[in-house]
Amino acid sequence: MTKLQEHKPRGRGGASPAMPAAGGNLTTGAAADARAARQARLRGILRRIPGWLRRTWVLLLRWVLRPAGRWLDRRRLGLRRRWRTSLQFRTVLVTLLIAFIALVGVGAYLSSQIANGLFQERLQQAKQESSRGISQVQESFDNAQLSDVPAASTYVRDTLKLLEVGGADDTRRYLMVLVPGQNNSLFVATVSSGGITPAIIPDQLRTAVQGHSGQYWQSISLSAGSSEEHPALAVGSNVNLLGTHYELYLIYDLNNAQVTLNYIQSVLWLGGGILLLLFGGIALYVTRNVVLPISQAAAVSEKLASGQLQERMVVRGEDEVARLASSFNRMANSLQEQITQLATLSHMQQSFVSDVSHELRTPLTTVRMAAEVLFDARDSFDPVNKRSAELLYHQVERFQALLADLLEISRFDAGAAVLDAEPGDIFAVIHNVMEGAHPLAEQCGSVLTVAGSTEKYGSVVDMDPRRIDRILRNLVVNALEHGDGKPVELFVASDADTIAVAVRDHGIGMSADEVTRAFDRFWRADPARARTTGGSGLGLAIATEDSRLHGGLLEAWGKPGVGSCFRLTLPRRSGTAPGPSPVGLPPGGDDDASGNLHLTGELVPAVDFESNITGAEPISGRTVL
Amino acid sequence: MKARILVVDDDEALAEMIGIVLRNDGFEPFFCADGAQALAAFRSSKPDLVLLDLMLPGVDGIEVCRAIRAESDVAIVMLTAKSDTSDVVRGLESGADDYVPKPFKPAELVARVRARLRPGDQKAPETLAIADVTIDVAGHTVHRAGKKISLTPLEFDLLVALARKPWQVFTRELLLEQVWGYRHAADTRLVNVHVQRLRSKIEQDPEAPEVVLTVRGVGYRAGQ
Numbered sequence: 064m065t066k067l068q069e070h071k072p073r074g075r076g077g078a079s080p081a082m083p084a085a086g087g088n089l090t091t092g093a094a095a096d097a098r099a100a101r102q103a104r105l106r107g108i109l110r111r112i113p114g115w116l117r118r119t120w121v122l123l124l125r126w127v128l129r130p131a132g133r134w135l136d137r138r139r140l141g142l143r144r145r146w147r148t149s150l151q152f153r154t155v156l157v158t159l160l161i162a163f164i165a166l167v168g169v170g171a172y173l174s175s176q177i178a179n180g181l182f183q184e185r186l187q188q189a190k191q192e193s194s195r196g197i198s199q200v201q202e203s204f205d206n207a208q209l210s211d212v213p214a215a216s217t218y219v220r221d222t223l224k225l226l227e228v229g230g231a232d233d234t235r236r237y238l239m240v241l242v243p244g245q246n247n248s249l250f251v252a253t254v255s256s257g258g259i260t261p262a263i264i265p266d267q268l269r270t271a272v273q274g275h276s277g278q279y280w281q282s283i284s285l286s287a288g289s290s291e292e293h294p295a296l297a298v299g300s301n302v303n304l305l306g307t308h309y310e311l312y313l314i315y316d317l318n319n320a321q322v323t324l325n326y327i328q329s330v331l332w333l334g335g336g337i338l339l340l341l342f343g344g345i346a347l348y349v350t351r352n353v354v355l356p357i358s359q360a361a362a363v364s365e366k367l368a369s370g371q372l373q374e375r376m377v378v379r380g381e382d383e384v385a386r387l388a389s390s391f392n393r394m395a396n397s398l399q400e401q402i403t404q405l406a407t408l409s410h411m412q413q414s415f416v417s418d419v420s421h422e423l424r425t426p427l428t429t430v431r432m433a434a435e436v437l438f439d440a441r442d443s444f445d446p447v448n449k450r451s452a453e454l455l456y457h458q459v460e461r462f463q464a465l466l467a468d469l470l471e472i473s474r475f476d477a478g479a480a481v482l483d484a485e486p487g488d489i490f491a492v493i494h495n496v497m498e499g500a501h502p503l504a505e506q507c508g509s510v511l512t513v514a515g516s517t518e519k520y521g522s523v524v525d526m527d528p529r530r531i532d533r534i535l536r537n538l539v540v541n542a543l544e545h546g547d548g549k550p551v552e553l554f555v556a557s558d559a560d561t562i563a564v565a566v567r568d569h570g571i572g573m574s575a576d577e578v579t580r581a582f583d584r585f586w587r588a589d590p591a592r593a594r595t596t597g598g599s600g601l602g603l604a605i606a607t608e609d610s611r612l613h614g615g616l617l618e619a620w621g622k623p624g625v626g627s628c629f630r631l632t633l634p635r636r637s638g639t640a641p642g643p644s645p646v647g648l649p650p651g652g653d654d655d656a657s658g659n660l661h662l663t664g665e666l667v668p669a670v671d672f673e674s675n676i677t678g679a680e681p682i683s684g685r686t687v688l
Numbered sequence: 002m003k004a005r006i007l008v009v010d011d012d013e014a015l016a017e018m019i020g021i022v023l024r025n026d027g028f029e030p031f032f033c034a035d036g037a038q039a040l041a042a043f044r045s046s047k048p049d050l051v052l053l054d055l056m057l058p059g060v061d062g063i064e065v066c067r068a069i070r071a072e073s074d075v076a077i078v079m080l081t082a083k084s085d086t087s088d089v090v091r092g093l094e095s096g097a098d099d100y101v102p103k104p105f106k107p108a109e110l111v112a113r114v115r116a117r118l119r120p121g122d123q124k125a126p127e128t129l130a131i132a133d134v135t136i137d138v139a140g141h142t143v144h145r146a147g148k149k150i151s152l153t154p155l156e157f158d159l160l161v162a163l164a165r166k167p168w169q170v171f172t173r174e175l176l177l178e179q180v181w182g183y184r185h186a187a188d189t190r191l192v193n194v195h196v197q198r199l200r201s202k203i204e205q206d207p208e209a210p211e212v213v214l215t216v217r218g219v220g221y222r223a224g225q
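These protein sequences, in sequence, are chains A and B.
Counting from 1 along the first sequence, just add 63 to a position and that's the residue number in my numbering.
Counting from 1 along the second sequence, just add 1 to a position and that's the residue number in my numbering.
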């Protein structure tokens with residue numbers, strides 16, 4: 064709290080010479096003594112402290128400080144998290160901090176200005192009153208005609224009484240001390256009012272008053288009662304009585320001004336506190352108004368994202384926040400509309416595919432049966448009818464295969480295909496595929512072999528056997544068709560998470576462009592090529608969809624004149640992603656024009672297959688068909 | 002004597018074509034084009050086998066199948082145009098023994114029909130037992146704890162196949178071959194659905210089977 068004090072003794076007009084420089088830190092002798100005594104007592108206590116202090120310290124540390132520290136740590140972590148996650152908390156805290164700094168600054172400035180103003184006013188007043196009073200006293204002294212000490216004392220006391228009543232509002236006290244070092248028989252001892260002793264007058268001021276004429280002043284503190292100290296002003300001057308110099312001090316108690324100042328300051332602090340609370344409240348209100356809709360929007364959009372499309376924000380009023388809410392809701396509406404529309408479309412497509420499938424299949428069945436009856440009886444027809452029956456029969460077969468593929472791909476497009484996966488041995492499927500491909504292999508003159516490397520992790524995988532069978536059958540038939548009668552190899556390998564089958568031929572191969580287009584619908588490797596099996600051109604597209612349904616991957620590799628390779632990679636457990644494929648693409652490198660295998664990694668040559676197979680379904684190791 | 006076959010199909014051309022094929026192969030076909038009249042036609046014609054289209058106007062094929070199954074153990078083969086799992090399974094669960102997906106070949110249809118009509122070749126007197134179930138093979142009856150249990154011929158064949166070799170685990174493919182007469186691997190859902198139906202009739206608690214046990218990842222075997 065600011066004190067009404069000014070420590071330097073000041074001369075009138077500031078012209079007094081030899082002014083002590085370090086006046087600001089003057090303390091009275093009595094105070095210094097008291098301090099020294101206190102320090103001595105403290106030292107005594109301090110010497111006794113270490114013994115029991117150490118013990119209590121340890122206890123304190125163990126029982127109080129550590130849990131408190133942990134609690135503080137937790138609080139700090141909690142606060143830090145709130146600081147990070149809550150815009151409202153951050154804004155309010157920053158607002159409070161800035162407002163606090165501003166208020167403290169303004170408060171300190173105002174307080175010091177008011178204090179200074181009050182002090183200057185009192186000082187001017189005191190100086191004027193003093194100079195008037197002292198000149199009265201001096202005048203009275205000049206006119207004195209005294210011969211003995213008692214008379215002089217009485218005269219001085221009477222004269223000085225005048226000063227007591229001269230004060231405006233504060234009580235004015237006086238002190239008159241003989242300037243030391245004078246050899247005069249007629250002198251008056253120290254005279255004072257209100258229990259003032261020379262001890263409270265700073266030495267600096269006394270020196271100044273002793274040595275020079277003119278008026279000097281300094282702030283002092285005046286003890287009032289036992290512990291209270293009032294700020295006060297001592298104004299001193301040199302007076303002369305019958306040729307003897309005295310120091311005459313007038314002491315003004317500034318307590319009234321100090322009380323006023325204290326009151327003003329407490330009002331300032333209270334006002335500042337109220338303002339601070341107000342600022343905090345305003346910040347809280349404003350951020351709440353802005354943050355609440357934002358967090359509501361966040362909550363609603365999370366619900367929307369999780370599929371609760373009917374979720375909406377609450378719109379209140381017509382302000383910016385309400386605009387945010389209503390445009391958010393418009394967005395949600397349009398999203399819901401489109402998603403519902405898409406769902407309806409997909410559902411319609413599914414039922415359309417299903418209906419078409421039924422409507423087409425019934426007449427096709429009739430046609431197919433009729434064609435077969437005619438075909439079976441063709442030997443009794445004349446050549447023209449016989450050939451017609453044959454054409455009819457084969458084309459109906461082809462039409463049926465094409466329709467089946469078309470319906471299958473539409474089922475995928477409509478999202479109606481479901482995976483019916485259960486754990487099974489991939490070699491059981493491969494066995495069936497090899498058996499089924501036997502006639503075609505014979506017809507093409509190709510040797511079909513299987514090489515496996517599954518002894519460590521086994522060959523069981525979550526699969527829909529019908530679909531995996533369809534994929535592998537397609538790959539093997541393609542390889543045989545484009546294999547130019549050269550060997551076709553199947554490679555099977557597995558690791559902890561993944562199982563892969565690669566089908567490699569050494570036929571005409573594919574260019575890089577053809578590789579990228581291999582999975583396109585209705586794309587054929589070589590349009591001019593004879594269609595031995597009359598495929599629909601959808602086989603690889605369906606195989607891709609089938610492998611995608613398993614969460615797997617179907618990839619192609621090819622080199623013109625060297626051959627092609629298709630690799631199916633499946634995750635072992637459905638619902639997981641497949642790891643890196645355990646079979647190379649192509650297995651054993653791509654410079655393999657001769658048909659000899661250069662196996663790498665964990666793959667073993669086809670001839671060792673039998674001893675390495677771990678599948679539950681026993682199949683012949685080297686299937687040469 | 003010619004086997005009598007009731008063809009329930011609303012598509013007249015297909016029904017006629019099926020009739021031609023069946024007559025060709027020595028069967029005697031009867032026709033019904035409406036689901037609502039199928040049960041009456043069944044009662045009047047007393048067929049040995051029913052060929053039933055799943056999609057019928059009026060009463061659904063599945064309803065018809067349930068109604069026939071409720072009063073007879075006659076063999077029922079469904080004709081399905083939808084090959085979606087749910088439709089096939091629904092059909093089988095309603096009591097059909099087998100199904101032929103459209104479009105089928107005449108030979109395929111005839112093979113399915115013949116497999117279901119396989120005359121109960123005169124079996125030698127033989128009594129089998131699984132858990133507390135006893136099977137009189139020649140008498141075509143099954144008892145559990147002294148109580149007679151009514152099984153369809155197909156369910157009976159399935160149970161006998163398992164009971165004859167209690168030490169063997171049957172894969173679904175093997176059961177398809179032995180019980181349904183498929184020579185090549187077919188739809189294993191047939192086996193799953195019929196094992197469920199069989200269990201619901203002979204097990205104390207179908208959720209915890211004791212007679213027909215599942216061998217995970219392989220197939221089924223008889224209990225001890």
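Think of the hints as simulated: they come from the structure by calculation, not from any bench.
For glycine and all other residues, C-beta sits at the position ideal for the given N, C-alpha and C.
Treat the hints with care, as some may be off.
Here are some, though not all, of the chain A residues that point toward chain B, as calculated from beta-carbon distances under 7 Å [what the hints assert, rightly or not]:
hint, residue
1, Pro130
2, Arg133
3, Leu135
4, Ser198
5, Gln201
6, Ser203
7, Asn206
8, Leu427
9, Thr429
10, Arg431
11, Ala433
12, Glu435
Ranges between beta-carbon positions, derived for each pair [what the hints assert, rightly or not]:
hint, chain 1, residue 1, chain 2, residue 2, range
13, A, Leu405, B, Pro58, 43 to 51 Å
14, B, Gln225, A, Thr579, 58 to 66 Å
15, B, Arg217, A, Pro643, 47 to 55 Å
16, A, Gln506, B, Arg217, 17 to 25 Å
17, B, Pro58, A, Val419, 55 to 63 Å
18, B, Asp61, A, Leu454, 32 to 40 Å
19, B, Lys166, A, Glu485, 20 to 28 Å
20, B, Leu118, A, Val419, 27 to 35 Å
21, A, Leu454, B, Ser73, 27 to 35 Å
22, A, Glu498, B, Lys166, 23 to 31 Å
23, A, Gly600, B, Arg217, 36 to 44 Å
Residues of chain A clear of chain B, computed beta-carbon distances all greater than 12 Å [to be verified]:
hint, residue
24, Val212
25, Val349
26, Leu387
27, Phe391
28, Asn495
29, Arg529
30, Leu648
Hints versus structure:
1. Pro130: violated (55 Å)
2. Arg133: violated (52 Å)
3. Leu135: violated (57 Å)
4. Ser198: Interface hint status for serine 198 (chain A): violated (122 Å vs cutoff 7 Å).
5. Gln201: With Cβ-Cβ at 124 Å, over 7 Å, it is violated.
6. Ser203: violated (126 Å)
7. Asn206: Where the cut-off is 7 Å and the nearest Cβ of chain B is about 132 Å from asparagine 206 (chain A), the hint is violated.
8. Leu427: Since the shortest Cβ distance to chain B is 5 Å, the answer is holds.
9. Thr429: This interface hint holds because 5 Å falls under the 7 Å limit.
10. Arg431: holds (5 Å)
11. Ala433: holds (6 Å)
12. Glu435: Holds, because the Cβ-Cβ distance from glutamate 435 (chain A) to chain B comes to roughly 5 Å (cut-off 7 Å).
13. A:Leu405 to B:Pro58: 43 to 51 Å: Roughly 32 Å apart at Cβ, these two residues miss the hinted range, so it is violated.
14. B:Gln225 to A:Thr579: 58 to 66 Å: Given a distance of about 59 Å, which is inside 58 to 66 Å, the answer is holds.
15. B:Arg217 to A:Pro643: 47 to 55 Å: violated (29 Å)
16. A:Gln506 to B:Arg217: 17 to 25 Å: violated (40 Å)
17. B:Pro58 to A:Val419: 55 to 63 Å: violated (18 Å)
18. B:Asp61 to A:Leu454: 32 to 40 Å: holds (39 Å)
19. B:Lys166 to A:Glu485: 20 to 28 Å: holds (24 Å)
20. B:Leu118 to A:Val419: 27 to 35 Å: holds (34 Å)
21. A:Leu454 to B:Ser73: 27 to 35 Å: violated (44 Å)
22. A:Glu498 to B:Lys166: 23 to 31 Å: Distance hint for glutamate 498 (chain A), lysine 166 (chain B) holds at roughly 25 Å.
23. A:Gly600 to B:Arg217: 36 to 44 Å: Once the Cβ atoms are compared, 40 Å apart, the range 36 to 44 Å for arginine 217 (chain B) and glycine 600 (chain A) holds.
24. Val212: holds (130 Å)
25. Val349: It holds; valine 349 (chain A) is separated from chain B by about 58 Å at its closest Cβ, greater than 12 Å.
26. Leu387: holds (46 Å)
27. Phe391: holds (40 Å)
28. Asn495: violated (6 Å)
29. Arg529: violated (8 Å)
30. Leu648: Given a closest Cβ separation of 30 Å, the condition holds.
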